[in-house]
Amino acid sequence: MLSKPMRNRLCFGYVSLVVCIAMGFLYRIVLKLSLNIHFFRSNGQNSFSFIDYVAFYSAGKIVLSDTRAQIYQFATQLAAYNKTLTESLGAKISVDHIPLGQSVPWFFAMLAPFSLMPILVSYIAWCLTGLALSGFWLWKILRQNGYTTLFSVLFLLGVAGSYPYEHLMDDGQNSAFIVAALAFMLYNWFKGNHIACGIGLALMSIKPQYAVFLVIPAIAMRRWTVLVSAAASGTILLIGSALIFGVKTLIDYPALLHQTEKTDPAVFPTWMVSIRGPLSILMDLDLALNISTITFAIAFLAMLGFWLRFVAKGSPIKVRVAIAITLLVCMLASPHTHIYDLVIFAAAVAVVPMKSFFETTGLPAAAAVWSRVIVLYPLISFCIYLLTEIPAFMPSGHEILGVGFFALNCCLLAILVWYYRSAHLMPAANEQPPVEPLSKESLP
51 MLSKPMRNRL CFGYVSLVVC IAMGFLYRIV LKLSLNIHFF RSNGQNSFSF
101 IDYVAFYSAG KIVLSDTRAQ IYQFATQLAA YNKTLTESLG AKISVDHIPL
151 GQSVPWFFAM LAPFSLMPIL VSYIAWCLTG LALSGFWLWK ILRQNGYTTL
201 FSVLFLLGVA GSYPYEHLMD DGQNSAFIVA ALAFMLYNWF KGNHIACGIG
251 LALMSIKPQY AVFLVIPAIA MRRWTVLVSA AASGTILLIG SALIFGVKTL
301 IDYPALLHQT EKTDPAVFPT WMVSIRGPLS ILMDLDLALN ISTITFAIAF
351 LAMLGFWLRF VAKGSPIKVR VAIAITLLVC MLASPHTHIY DLVIFAAAVA
401 VVPMKSFFET TGLPAAAAVW SRVIVLYPLI SFCIYLLTEI PAFMPSGHEI
451 LGVGFFALNC CLLAILVWYY RSAHLMPAAN EQPPVEPLSK ESLP
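Position 266 of the sequence shown, counting from 1, maps to 316 under the numbering used here, and the rest follow consecutively.
The hints are simulated quantities; they were obtained by calculation from the structure and are not laboratory data. Each hint should be verified, as a subset may be incorrect.
Think about it this way: if two alpha-carbon atoms lie no more than 30 Å apart in a straight line, the pair counts; the simulated DSS-like pairs of lysine-lysine are [what the hints assert, rightly or not]:
id, residue 1, residue 2
1, Lys298, Lys241
2, Lys133, Lys241
3, Lys142, Lys82
4, Lys82, Lys241
5, Lys363, Lys405
6, Lys241, Lys368
Here the structure is a predicted model, which means the values were calculated and not measured.
Construct the complete structure from the given sequences, taking the supplied hints into account.
What follows is the structure, encoded as structure tokens:
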């Protein structure tokens, strides 16, 4: 058994390492911004692409234009994209193909205020807004669960120091807002504020594949107010989108989404961290999409049955672990999950009881392993990223990242299932940190 001074040294050393990793990621982004090369990404000799935020910024410009009703037409998006390249980025080129933006209409509407700024200011404001919202609501849920200020700070540092979060910020993606929506939803779920919880669920529909699975706990626990609130909030989003883009745009959206996922290689299916990624590497892309879609539907029904049969009658700790299991199963089975989406899981991790690396005495083995793996997650994710820097692996770097994180998530799921099965071995509530709720009656 290590002495307390030695444990303190190891903890300090590890925290320092995570800080260095996070600062290294930040430095790389700031350096590229200062050199005006951040929005460009090299894909090899004489080949490059642009980060996703360029497409988001262009979409915001479309929302503010007279062509907003044609926002899902390729020609409209391409024209706006090339205008951003030449006028906002000062590029002396144009492109003839881009990934067709397929986000939900209300997300495009959300981009409009950011497109009023110069693109560099807009990108920084976008990242800082996502960082602030996700950090604030993760902090709220950690404090609600009784974790100390120091533990909460270190948890947030671990999230920021993980590779998925760095990838999210680097690309200017929107998953930080989904983290905030999920943390807001879970905070109000355990607080018992059903209306606010439903609003959070509706906001998660920015990426509907995740919102769908998080309907399951509300159905199983018979939280009808949550579902009514989510439906009402979703209706408001639909009406607002119809007023902005037109009813026809909304009606045509599902067919466009399916067609884009099926035919556009720019969705990068072989890079995905869900089951679709490995399948797309091994077989025809259309077949991989069909299998992953069927898997997603089966997984939804399986998780619904799991909640109705077991979780709804289980202990508060089992409910918390089951929420994390549900989201992770969703991510593994989803037809569309990229690395940056993995940060969404941080909100579910925050509700699962855990302790620091050397403070797991008295916990069942599964809870101890879970706590330690979560502590080490930033380092593990960084090591997976380092594999892509090996010269022999560079040509397949994105595929290696996808398969690596898919395998890691499978391991996390196995640990969570083990945790769920041994949750009855957890110490009594009065020996645990003051996590809310502590009784079945206090569950929302």
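Now the hints, each set against the structure:
1. This hinted pair does not check out: Lys298 and Lys241 have alpha carbons roughly 39 Å apart, beyond 30 Å.
2. A threshold of 30 Å between alpha carbons decides the hint, and for Lys133 with Lys241 the separation of about 47 Å lies outside it, so the pair is violated.
3. Between the alpha carbons of Lys142 and Lys82 the distance comes to roughly 19 Å, so the proposed pair stays at or under 30 Å and holds.
4. At roughly 42 Å between alpha-carbon atoms, Lys82 and Lys241 are farther apart than 30 Å, so this suggested pair is violated.
5. Annotation: proposed proximity of Lys363 to Lys405 holds, straight-line Cα distance about 26 Å (limit 30 Å).
6. A threshold of 30 Å between alpha carbons decides the hint, and for Lys241 with Lys368 the separation of about 17 Å falls inside it, so the pair holds.
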